[in-house]
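Once you have looked at the hints, place chains B, C and D on chain A.
Protein chains: 4
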Amino acid sequence: MTLAATLARIAADMGRVAERGRPAAYIPELAKVDTARFGIAVSPVSGEEAAAGDADVPFSIQSVCKVFMLTLALERAGEALWRRVGREPSGDPFNSIVQLEHEKGVPRNPLINAGAIVVADILLAGRTPEGAILELLAFVRRLAGDETIGCDARVAASEARTGARNRALANFMAAEGNLRHPVEDVLHVYFHCCALSMTCRQLAAAGRYLAAAGYAGASDPVVTPERARALNALMLTCGHYDASGEFAFRVGVPGKSGVGGGILGVVPGVASIAAWSPGLDSKGNSVVASQAFEALARETGWSVFGPLAPPG
Amino acid sequence: MTLAATLARIAADMGRVAERGRPAAYIPELAKVDTARFGIAVSPVSGEEAAAGDADVPFSIQSVCKVFMLTLALERAGEALWRRVGREPSGDPFNSIVQLEHEKGVPRNPLINAGAIVVADILLAGRTPEGAILELLAFVRRLAGDETIGCDARVAASEARTGARNRALANFMAAEGNLRHPVEDVLHVYFHCCALSMTCRQLAAAGRYLAAAGYAGASDPVVTPERARALNALMLTCGHYDASGEFAFRVGVPGKSGVGGGILGVVPGVASIAAWSPGLDSKGNSVVASQAFEALARETGWSVFGPLAPPG
Amino acid sequence: MTLAATLARIAADMGRVAERGRPAAYIPELAKVDTARFGIAVSPVSGEEAAAGDADVPFSIQSVCKVFMLTLALERAGEALWRRVGREPSGDPFNSIVQLEHEKGVPRNPLINAGAIVVADILLAGRTPEGAILELLAFVRRLAGDETIGCDARVAASEARTGARNRALANFMAAEGNLRHPVEDVLHVYFHCCALSMTCRQLAAAGRYLAAAGYAGASDPVVTPERARALNALMLTCGHYDASGEFAFRVGVPGKSGVGGGILGVVPGVASIAAWSPGLDSKGNSVVASQAFEALARETGWSVFGPLAPPG
Amino acid sequence: MTLAATLARIAADMGRVAERGRPAAYIPELAKVDTARFGIAVSPVSGEEAAAGDADVPFSIQSVCKVFMLTLALERAGEALWRRVGREPSGDPFNSIVQLEHEKGVPRNPLINAGAIVVADILLAGRTPEGAILELLAFVRRLAGDETIGCDARVAASEARTGARNRALANFMAAEGNLRHPVEDVLHVYFHCCALSMTCRQLAAAGRYLAAAGYAGASDPVVTPERARALNALMLTCGHYDASGEFAFRVGVPGKSGVGGGILGVVPGVASIAAWSPGLDSKGNSVVASQAFEALARETGWSVFGPLAPPG
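Chains as they are written, first to last, in our numbering: chain A, 1 to 312; chain B, 1 to 312; chain C, 1 to 312; chain D, 1 to 312.
If we strip away everything but chain A, and leave its shape as in the complex, we get (with noise of 0.2 angstroms):
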């Protein structure tokens, strides 16, 4: 079965799922936002691209993006960002402050949200906010090869309304001076980073560097092997909050969810994959799309942790 048959089919047995989880409930944008949607694209390293159901629809990919801020901030600070922020898996939902309060304002990792906050704060070293957002989109689109990308404001906007809890972690943060710029300044960039909107397409593209030793397109070396290698392993570890473990031990592969029901995925040297259903279980990872992960995983055949069958 070539692959587009085999997301083909799997986009059919994902319309078949009856329970779908909800989506997220905090901003309108994302409240609304239909449970029957599901989309599924992959971006060989080698091949043409494949894809299914709404793959060219658009959505909030959220905390996928935390990805793309961590690689341009690593780019940039270097391994001097790792004072600010660790890289152990946290045990805690996404938007959690106890850990903060035991280790001195020094989240556990980048893919969670206080982690994230301080990223955008390195993000901001040297820029203005609607800088370093530009900076960041514009970041994306070279991954993506897709200049159409852009930001929903709307999203940002209610966010930044809404996110008391985001504020609560920055603002603990700036106590324990772990952050640099002002509170607001820094919400703002990471509120407009998490507010990309795009396709699984778009996604899928944008997240092939992961799987091609640092390379977005043929021949645009973004970061280098080594340093897509440690993407990955903090993907892993900690890409799905305190379901990481849960999404290592079914799918096997790196990956990054986010609330808008987005989840990309990696397989090193030889795919990425993007899946999107808006519909969240309870620890804000989309039902469906990691379903879909599980089913094209098991397809494929594709994991990072063994073979299916023994050598010779």
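Accuracy of the hints is not assured; some may be wrong.
Which copy is meant is left open, because identical chains are indistinguishable; a pair holds if it fits in one copy or across any two.
[What the hints assert, rightly or not] In silico SDA-like cross-links for lysine to any residue, where the CA-CA straight-line distance does not exceed 20 angstroms:
1) Lys32 <-> Val57
2) Lys104 <-> Pro93
3) Lys104 <-> Arg9
4) Lys283 <-> Glu176
5) Lys283 <-> Val33
6) Lys104 <-> Ala24
7) Lys32 <-> Asp281
8) Lys104 <-> Ala25
9) Lys104 <-> Ala138
10) Lys104 <-> Asp56
None of these hints come from the bench; they were simulated from the model.
This is chains B, C and D only, laid out in the frame that chain A set:
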């Protein structure tokens, strides 16, 4: 450079490391081991095994045994095991009791002490404590293809005498109804499993099934390829306690450490690796064995997180 | 209205309370006590004692005994005791283990289980377990002026069988070096102290020294007035676990509750009070005995927190 | 010895204390106050007030104001206030956010920062921020019988600038739905209340209603005797953050401390006491003012926990 030559060079380099950590202090048998010791062995899926340094000196494998215990318990209890143990990284030290109180006596994962105590309880089902220990020993001998592997009774006795914190964990879980057998019987099994004495060469051989789609030796299917994957996923996310993210980030392969100073690593489809040096860091992981894993990964390029060059 | 009449009316009112809580379920001897039971007794510093209801029915005083244990241990160890136990309210349930991990095995205060286990360890110094138990029993008999008070061996045996959580606490503290004697010996003392069986009348008499500047009976100085004050302060801030603030707010006198349904209260300079009813609330405090204390405080105006009318 | 002579001697003794702690460092106005300062004043329920040392030097009362804020808020909202704030000691530092996450944004009690921020939100109901501040100021002036009491706007402005941790607390509670007004308005009120500037003499006078069955001055019933009792109970169990048990144990009367170095104490039925010295211990309580309270309690015998001699 051949694998043997690479290991020899690493062993030589490791001999020059000045800061080697301290051996586990809580029992005399571990405390008195010389931190100058270092051994390493690799058991490839295809090809000849190689080793260097003190690769034939037996040491106490301690928590590395949790991988074998879990493998055997899963063969017995199947997926029902996961009703009694989670599979998320813990974010806490190996012997923390805090999480148990929040989650009603269900440990975060089977590779921390509390989780392995539940696994020991499962291994006891329908057996005497001695019977359960002998079965585990027989299983590890089968994995390694080596009938000389034994259990150090003095180590087990010392652990039983000094293991108040593990006794606390076990009693806490018993109070929450998550142990089926008498606490002292469960601990007896647990302490004896941890007291297995193996060389690097034996340990690498024993762990080879995890790299070889579940096959021990050439033709002994121990577990399904899917289960080998699942075990590797658990090792990657949970194998180094609250430094699991760090090992994934720096080394990039599934691994499990023990306070005896041993680390078992798995390069899926390629090889299993055992390294040992008795000095520990503040999180209970071997300082020099960790560095050896980093060096070996650098030299060989082994990692589950992607190729070092783009395709084509 | 005389004190006797007040108590009689309260006993009558308490008989009509519909929602009476549930008896402690974890040991048969406590679980089977009828929640319709209610007794109350007051032992004034000056004047005649009074009682009503089931004031002469013996019950298991359980954690109320921690006050007598602490009193005796302080007489022995003096202020050095406070190096091993804190004196702050815990904000946690009576049997929580979480705090111990954060504070290296030093319990928050001597009136929670962990703290009383350390106190039991102090009572054991230089004695056999049986000797320590007999001394505590002799001390309580002296306080109450009643040689018939005994310990219910069946209750102690049941606690020993079912006390896995207390065994967890004790082992945890042993692991941190905060117990001097074998865990099982310490628990043996602890369980037997908790198994003291007393009537309300006996309990009120035994606690009278706390109201009477340290004097038991007319002329038996048990502790200094300063120590009586200190004990009352601890009871007020820590005597009802994580409902201590509530008892202070609603009743306004130092008190100590037990899962047998008893509460000992102290009106400094005025009287000691014992009330009992076996049904507990979710925090392990007697529902009806608490209400009786509120009613008695309302009727008599007793409180340490101020007069009911301005001066002059 | 007269009360005045006692206070004079205490002031002289306190002048000789070598280890005086450090002033709060986070805002310039507090950091620069001389730790040599010490003042004390007592306002008896019957009889003449007395004072010594720097009893007429104004200082920033900071968290002591929480008592007055709570008194006013209870008069407004009545017992409904307790649906939004608990009344248990916290076992955590004054500005901890951890507990809020476990209890869905409901602070443990109204005398820690989070709780007082909720109280500020209640004081805002139906008022502008300036109106709410002026009302609280008018209330404190009425309590003290002194129209010259004011608020130090520079202190409030400094707190607004540096108060990131309080801003974190407020935003966290807003996210959980436990604030009704805009976070910045609530904080504006909170910071200005904490910035009240008073002398020991004024503070002792203002707190006198707590000792005098709710009466300010001779004939101004501010609260009912029952409410005065309830406020005293809260001060005793929660007034010194995670050193509340210690103050109850050592001093034995309800008290409330502030990071300005002031402590208000209440001897129910007898007197109110204010002491001040700017140096703080590690828990944020004045070192020397605490010692002065201990000395005064020793000299006078004042305590709510019992007489110093048996009756008769």
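Identical-chain pair category, lysine 104 with alanine 138, by Cα at 20 angstroms: neither (34 angstroms within a copy, 39 angstroms between copies)
Within, between, both or neither, where lysine 104 and proline 93 count as close if Cα-Cα is 20 angstroms or less: Result: close both inside a copy and across copies, 18 angstroms intra and 14 angstroms inter.
Intra- versus inter-copy proximity for alanine 24 and lysine 104 (alpha-carbon distance at most 20 angstroms): between (30 angstroms within a copy, 19 angstroms between copies)
Homomeric proximity label, lysine 32 with aspartate 281: Cα distance no greater than 20 angstroms: For lysine 32 and aspartate 281, the Cα distance is within 20 angstroms only inside one copy (16 angstroms; across copies 43 angstroms).
Status of arginine 9 relative to lysine 104 across identical chains (alpha carbons, at most 20 angstroms): Neither: 49 angstroms inside a copy, 41 angstroms across copies.
Intra/inter-copy verdict for lysine 104 and aspartate 56 if alpha-carbon distance must be at most 20 angstroms: So lysine 104 and aspartate 56 fail the 20 angstroms test inside a copy (43 angstroms) and across (39 angstroms) alike.
Homomeric proximity label, lysine 32 with valine 57: Cα distance no greater than 20 angstroms: within (15 angstroms within a copy, 60 angstroms between copies)
Within, between, both or neither: lysine 104, alanine 25 at alpha-carbon 20 angstroms: between (31 angstroms within a copy, 17 angstroms between copies)
Intra- versus inter-subunit Cα pairing at 20 angstroms for lysine 283 with valine 33: So lysine 283 and valine 33 pass the 20 angstroms test inside one copy only (19 angstroms; across, 43 angstroms).
Same-copy or cross-copy closeness of lysine 283 to glutamate 176 [CA-CA at most 20 angstroms]: The answer is between: 17 angstroms across copies meets 20 angstroms, while 28 angstroms in one copy does not.
Hints 3, 9, 10 from the list above are not met by this structure, while the remaining hints are.
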